[in-house]
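A.B. asks: Numbered by this note's numbering, the letters in the sequence shown go through residues 115 to 555 in order.
Incorrect hints may have been included.
[Stated by the list, open to error] Ranges of calculated distance between the beta carbons of each label pair, as one might list FRET restraints:
(1) K207 with D279: 46 to 52 angstroms
(2) D553 with A203: 37 to 43 angstroms
(3) Q130 with Y168: 37 to 43 angstroms
These aren't lab readings, by the way, just hints derived from the structure by calculation.
Beta carbons are placed, not taken as given, at the ideal position from N, Cα and C, and that holds for glycine.
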Amino acid sequence: MRVTFGSKYNQMNNYQNALQNKINDANTQIASGLKIRYGYQNSDINNQNLKFQYEENTLDQGIDVAQNAHTSTLNTDKALQEFSKTMEAFKTKLIQSANDVHSETSRAAIANDLERLREHMINVANTSIGGEFLFGGSKVDRPPIDSEGKYHGNGEDLNALISSDNLVPYNISGQDLFLGADKDKHKLITTNIKLFNQNKLHPDVMDALEHSSLPEEVFIKPGDTLRELIGDNDKDPTNDPKEFFYLQGVRPDGSSFKEKFALDKAYQNQKSATKVSDLLDKIAHAYGNTSQNKVVDVSLNNWGQIEIKNLTPGSENLDFHLISSDGDFDDLDALRSSGKRVTEYVKSAFVTDRSLSQVKAVPNMYNPKTLEIPSVFVTKDNVLANKNTKLSEIFGDSVETLKINASRLDETSIIKIPNLPVYLDIPILLDVKNSTIKDLK
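With the hints as constraints, model all of the structure from the sequences given.
C.D. replies: Next comes the structure, spelled out in structure tokens:
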């Protein structure tokens with residue numbers, strides 16, 4: 115094959131055209147910022163470009179959805195703040211209405227105010243943004259609360275798709291807000307009486323070995339004996355009767371209960387004595403604890419107070435009242451009027467009964483010259499009385515006079531005086547309407 119000048123010229127022209135095309139493509143890429151203009155120019159780059167465009171659109175969509183969710187949460191916060199303010203105002207009005215200074219007219223005005231506040235709370239609960247109701251769950255097309263206060267929404271979440279397979283809930287459903295409970299909280303009851311080790315507090319009466327020790331306040335611990343919790347009137351731990359515990363309360367499932375159980379207070383060997391921990395286990399069992407399932411946690415804190423914790427998250431069902439005595443009775447009224455010792459673990463109305471016509475004082479365990487009334491004085495509003503509480507608030511308007519029968523030792527009995535009684539009965543009459551607790555002293 116002969117190579118002529120024309121062939122060389124054509125070859126050089128092709129090289130020049132190819133080089134020119136490459137220079138043009140490079141200039142085009144520089145000017146446009148694009149490596150290719152058409153998909154056929156490079157399929158790998160084209161596929162990567164399509165992938166990046168999809169991810170960019172997804173991110174833009176996620177930003178828009180997140181901004182809408184953010185706007186919704188801001189409006190939800192404002193609505194909740196307004197709802198909280200209205201609830202506080204409602205609570206204040208309720209407290210004001212309980213004041214005795216209000217007349218029938220002023221109470222009617224307060225009732226009207228409460229009705230307006232109720233209507234306002236319903237309006238806040240029906241807040242809508244862009245035609246969508248905030249607290250209806252996924253039912254955003256209708257008001258969740260009707261005029262009677264009934265909820266018609268659901269408990270479903272509204273989710274924001276902020277990235278691929280990444281759903282984030284952003285709403286609070288009315289079912290959780292109005293009908294639900296705080297799932298991150300556990301109700302805890304702490305008794306309002308600090309329990310001391312009575313052996314340390316009264317060594318001169320209870321301790322045969324350390325009877326000359328100085329009294330000291332030491333909080334009771336789970337490992338202490340039941341005798342150290344209850345106390346004793348002598349130094350012999352073997353002669354004590356059983357201790358009967360009277361427990362009532364509300365379990366975590368909402369059921370009310372009453373239970374009586376007995377524990378041995380006496381012991382021959384301190385190692386085998388009934389411990390305070392045994393009492394705590396009995397209380398826990400009464401609330402429904404089993405070997406397989408715990409519904410409450412019963413313990414002692416560092417200040418000798420009994421604590422009961424509801425292990426059901428968000429449940430508000432829990433109540434606790436406990437007393438004990440060396441008297442075995444099926445009826446608490448009989449216990450109160452028997453003159454038997456009553457030991458309290460909660461200062462409450464549990465040992466109070468306004469139906470009793472009389473209450474008998476009992477001698478103090480450590481000082482027989484001191485008498486104690488085994489009852490708590492509580493007002494008609496179930497509030498513990500103080501020294502300034504009127505007796506009429508305790509006994510009611512139907513009681514006019516309180517009669518106190520007491521006996522005191524006549525010191526002159528040391529001298530032999532014929533026909534003089536050793537004890538003198540001194541009846542005291544108090545006007546219930548014009549007297550206070552302080553007048554009883």
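A.B. asks: Please go over all the hints and tell whether each is borne out by the structure.
C.D. replies: Here's how the hints hold up against the structure:
For the pair K207 and D279, the beta carbons lie near 50 angstroms from each other, so the given range of 46 to 52 angstroms is met. For D553 paired with A203, a C-beta distance near 40 angstroms keeps the hint of 37 to 43 angstroms intact. The supplied range of 37 to 43 angstroms is met by Q130 and Y168, whose beta-carbon atoms lie about 41 angstroms from each other.
Of the numbered hints given earlier, the model fails none.
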